[in-house]
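Colleague: Protein chains in written order, with the numbering used here: chain A, 1 to 468; chain B, 469 to 684.
There's no promise every hint is true.
If you want the footprint, here are the derived chain B segments under chain A, 3+ residues with CB under 8 Å [stated by the list, open to error]:
(1) 472–480
(2) 493–502
(3) 507–514
(4) 552–559
(5) 585–592
(6) 630–640
Computed footprint of chain B on chain A, listed as stretches where at least three residues anywhere in the stretch have a Cβ under 8 Å from a Cβ of chain B [unchecked claim]:
(7) 42–48
(8) 332–343
(9) 424–435
(10) 446–457
Since the hints were made in silico from the structure, they are not lab data. All residues carry an ideal CB built from backbone N, CA and C; glycine is no exception.
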Amino acid sequence: MQNTAINFKRQVTIKLADARLQDALARLQTRFVEGRSAVISEIHDLEETRTAAAAIRDRVLNDLEHWLLQFEQQATARGAIVHWAETGDDVNRIVAGIAALHGVKTAVKSKSMVSEECGLNDALELAGVKVMETDLGEYILQLAHEAPSHIVAPVVHKNKEEISDLFAEKHQLPRKTGIAELCREARVVLRPAFLNADMGISGGNFLVAETGSVLIVTNEGNGRLATTLPRVHVAITGIEKVVPTLEDVTTLVRLLPRSATGQSITNYVSVLTGTKNSADHDGPEHFHIILLDNNRSSLVGSEMQEMLRCIRCGACMNHCPVYQNIGGHAYGWVYPGPMGSILTPLLSGLEKSPDLPNASTLCGACAVVCPVKIPLPDLLRKLREKQMEHGMKSRRETFMLNSWAWLALHPAIYALTTKIGVRLMSLLGGKDKLLHTLPGASGWTDGRDFPAPAGKTFRELYKQGQHL
Amino acid sequence: MNAREKILGRIRNAQARMPQTGATPRETISSHLAQHPRGPLPPVPEDMLACFKERALKLSSDVLETNDRMEIPGLLARYLSERKLPMRGVCWPSLAGLPWSGAGLEMQSRPTRDMDLIGVTGAFCAIAETGTLMLLSGAETPATTSLLPETHVAVLDPSRIVATMEDAWELLRKEHQQQPRAVNFISGPSRTADIEQTVTLGAHGPYRVLLILAPH
Numbered sequence: 001m002q003n004t005a006i007n008f009k010r011q012v013t014i015k016l017a018d019a020r021l022q023d024a025l026a027r028l029q030t031r032f033v034e035g036r037s038a039v040i041s042e043i044h045d046l047e048e049t050r051t052a053a054a055a056i057r058d059r060v061l062n063d064l065e066h067w068l069l070q071f072e073q074q075a076t077a078r079g080a081i082v083h084w085a086e087t088g089d090d091v092n093r094i095v096a097g098i099a100a101l102h103g104v105k106t107a108v109k110s111k112s113m114v115s116e117e118c119g120l121n122d123a124l125e126l127a128g129v130k131v132m133e134t135d136l137g138e139y140i141l142q143l144a145h146e147a148p149s150h151i152v153a154p155v156v157h158k159n160k161e162e163i164s165d166l167f168a169e170k171h172q173l174p175r176k177t178g179i180a181e182l183c184r185e186a187r188v189v190l191r192p193a194f195l196n197a198d199m200g201i202s203g204g205n206f207l208v209a210e211t212g213s214v215l216i217v218t219n220e221g222n223g224r225l226a227t228t229l230p231r232v233h234v235a236i237t238g239i240e241k242v243v244p245t246l247e248d249v250t251t252l253v254r255l256l257p258r259s260a261t262g263q264s265i266t267n268y269v270s271v272l273t274g275t276k277n278s279a280d281h282d283g284p285e286h287f288h289i290i291l292l293d294n295n296r297s298s299l300v301g302s303e304m305q306e307m308l309r310c311i312r313c314g315a316c317m318n319h320c321p322v323y324q325n326i327g328g329h330a331y332g333w334v335y336p337g338p339m340g341s342i343l344t345p346l347l348s349g350l351e352k353s354p355d356l357p358n359a360s361t362l363c364g365a366c367a368v369v370c371p372v373k374i375p376l377p378d379l380l381r382k383l384r385e386k387q388m389e390h391g392m393k394s395r396r397e398t399f400m401l402n403s404w405a406w407l408a409l410h411p412a413i414y415a416l417t418t419k420i421g422v423r424l425m426s427l428l429g430g431k432d433k434l435l436h437t438l439p440g441a442s443g444w445t446d447g448r449d450f451p452a453p454a455g456k457t458f459r460e461l462y463k464q465g466q467h468l
Numbered sequence: 469m470n471a472r473e474k475i476l477g478r479i480r481n482a483q484a485r486m487p488q489t490g491a492t493p494r495e496t497i498s499s500h501l502a503q504h505p506r507g508p509l510p511p512v513p514e515d516m517l518a519c520f521k522e523r524a525l526k527l528s529s530d531v532l533e534t535n536d537r538m539e540i541p542g543l544l545a546r547y548l549s550e551r552k553l554p555m556r557g558v559c560w561p562s563l564a565g566l567p568w569s570g571a572g573l574e575m576q577s578r579p580t581r582d583m584d585l586i587g588v589t590g591a592f593c594a595i596a597e598t599g600t601l602m603l604l605s606g607a608e609t610p611a612t613t614s615l616l617p618e619t620h621v622a623v624l625d626p627s628r629i630v631a632t633m634e635d636a637w638e639l640l641r642k643e644h645q646q647q648p649r650a651v652n653f654i655s656g657p658s659r660t661a662d663i664e665q666t667v668t669l670g671a672h673g674p675y676r677v678l679l680i681l682a683p684h
């Protein structure tokens with residue numbers, strides 16, 4: 001997927017003015033934020049479980065080479081073929097190669113964010129394979145030629161009227177208006193695609209090293225159909241998704257749907273291991289697993305390694321006051337919200353997404369809800385520090401911060417400057433004690449007034465004993 | 469050097485630089501695999517059956533009970549006719565011996581096709597914590613029977629209800645030498661909330677799931 005994170009600020013302005021999007025984002029908050037809070041308390045000891053989940057992820061990440069080899073060995077022993085891809089383009093080449101090898105003409109796809117990283121659909125179309133997205137949300141986006149705006153609810157930015165129009169136009173069927181009718185229409189249109197596809201493409205929520213299995217959580221059943229009916233199954237996921245044992249993955253599955261959609265468990269949790277036996281009536285004859293790096297390995301052993309714990313639940317974005325106001329598209333790539341503001345710069349270059357680490361108030365809500373305890377605000381701060389160190393901030397911002405740092409190190413001058421500053425601002429505030437403009441800070445005063453200071457600094461008041 | 473070696477090489481080099489944690493000794497890794505320790509668990513419910521039923525209903529599954537397996541066809545026939553559903557379907561071979569035709573049902577024991585509207589399966593076990601069924605794929609237990617039809621009926625022996633997914637894995641290790649090709653945990657009818665975050669039952673899988681609890 002093309003990265004447009006460089007246009008973040010412009011995209012934000014457009015999204016803030018989009019009334020339909022604002023309605024959609026309000027819905028997301030009700031369903032996912034309230035949904036999570038209703039079921040997360042079902043977990044007997046949430047803190048202990050989150051700590052255990054983080055430890056499971058760390059165990060793997062601290063010895064990733066071994067666990068990947070263990071997974072590869074087990075998967076291969078059961079007849080799966082494990083492929084390694086350095087980049088998204090490599091994934092596309094591998095999948096096209098598999099399609100050519102098995103004479104694949106059509107493929108059905110279950111939702112995979114990693115495949116969005118690669119831009120797989122376009123690459124396969126070029127290779128002559130007809131790809132159909134089958135997750136309802138992703139199917140809608142494929143018809144509309146749009147990108148997902150949320151990693152769990154990809155089509156959250158669209159309302160049902162837009163979807164009714166889209167279906168009527170693309171399916172050439174009478175326009176349906178009810179949500180249930182729209183869902184049924186998609187089922188009827190997609191069922192033949194499942195039955196006739198030569199290849200099923202899925203993501204992988206987890207890889208189980210103990211058994212060489214790929215674990216997929218889904219609700220619609222499209223993930224099961226895509227991995228059961230076609231004769232070839234290709235699962236694409238990141239190298240960091242390994243988990244040691246079935247017990248370990250169970251701890252994570254206890255947290256994932258609750259954090260993601262407010263469900264105690266998704267409708268389907270499928271643990272897929274190897275190919276079908278000769279006696280089996282269903283299941284794929286060929287099972288390919290593609291492990292994508294795409295700069296993930298550069299985070300191993302770095303101060304950003306904790307980001308690799310991420311299990312893609314989306315709770316951080318659902319709870320983020322920034323995401324709640326601008327939606328996912330503004331972030332410009334596959335992963336939005338706090339996790340995306342860290343992953344996008346790390347996977348596709350900080351210089352291409354300079355605004356993302358700063359697109360956070362550091363309120364900390366994301367870290368509080370993260371099921372694997374990723375210190376998201378700390379990681380955002382580290383990226384900001386990196387921007388400062390590498391001179392990636394604007395000259396103005398660098399000058400301001402350096403001036404501030406110098407002042408803070410010289411208390412006497414600091415006291416004098418602030419003394420003059422607050423008096424001046426108090427004077428300018430006038431009778432209503434509000435500043436309507438601030439030189440150099442119009443970003444603040446464009447939307448609201450700045451309350452003028454009282455005229456004396458805290459230190460002055462403190463000295464006078466007026467500190468209460 | 470191929471992609472595999474490059475990726476693993478980068479990870480190896482990065483991990484060599486990790487003083488704070490360091491790689492875990494191999495022994496610890498193999499003992500972790502051998503012992504597969506459990507994480508924090510929910511308390512075991514006092515009444516496993518009641519807990520399972522409550523959770524299953526919450527997930528929009530329907531639940532019927534009988535003490536006599538021979539009554540299963542009658543229960544199903546009534547359930548289907550009440551909902552004006554077809555009286556014809558497919559079942560797993562292990563259930564072919566039940567008196568289906570006596571209850572007015574036409575039940576074929578064969579792999580499922582697209583047009584089949586009712587699919588009757590057994591279950592390997594079920595999980596009280598979430599009201600979930602665990603099905604294993606196999607020659608006699610095709611995965612499509614619980615997937616393609618609009619109505620999925622699962623016959624479950626209540627003694628096969630365990631507390632947690634961890635218990636289910638233990639049962640699987642005890643009774644099966646090898647991990648089956650597909651382990652499917654099923655928690656109610658398929659659903660989607662993609663359009664306006666409104667939950668709609670019946671996406672690509674079954675519209676309804678009926679659990680018939682009957683001791684074996």
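Colleague: It remains to establish, for every hint, whether it holds in the given structure.
Modeller: Quick rundown of the hints versus the structure:
Three residues within the 8 Å Cβ limit are the bar, and the segment 472–480 of chain B against chain A gives 7, so the coverage statement holds. Only when three residues or more bring their CB closer than 8 Å to a CB of chain A does the claim for the segment 493–502 of chain B stand; here the count is 4, and the claim holds. Here the segment 507–514 of chain B counts 5 residues with a CB under 8 Å from a CB of chain A, which clears the bar of 3, and the coverage holds. For the segment 552–559 of chain B, the stated coverage by chain A is not satisfied: 0 residues place a CB nearer than 8 Å to a CB of that chain, which falls below the threshold of 3.
Check result for the segment 585–592 of chain B against chain A: violated, 0 residues qualifying (beta carbon to beta carbon below 8 Å, three or more required). Restraint check on the segment 630–640 of chain B versus chain A: 4 residues with Cβ-Cβ distances below 8 Å, three needed, restraint holds. Counting residues of the segment 42–48 of chain A whose CB lies closer than 8 Å to any CB of chain B gives 5, so the stated coverage by that chain holds, three being the minimum. Counting residues of the segment 332–343 of chain A whose beta-carbon sits less than 8 Å from any beta-carbon of chain B gives 0, not enough to reach three: the coverage restraint is violated.
Counting residues of the segment 424–435 of chain A whose C-beta sits closer than 8 Å to any C-beta of chain B gives 0, which falls short of three, so the coverage hint is violated. With 0 residues having a Cβ less than 8 Å from any Cβ of chain B, the segment 446–457 of chain A misses the three-residue criterion, and the hint is violated.
In terms of the numbered hints stated before, the structure departs from hints 4, 5, 8, 9 and 10, listed from lowest to highest.
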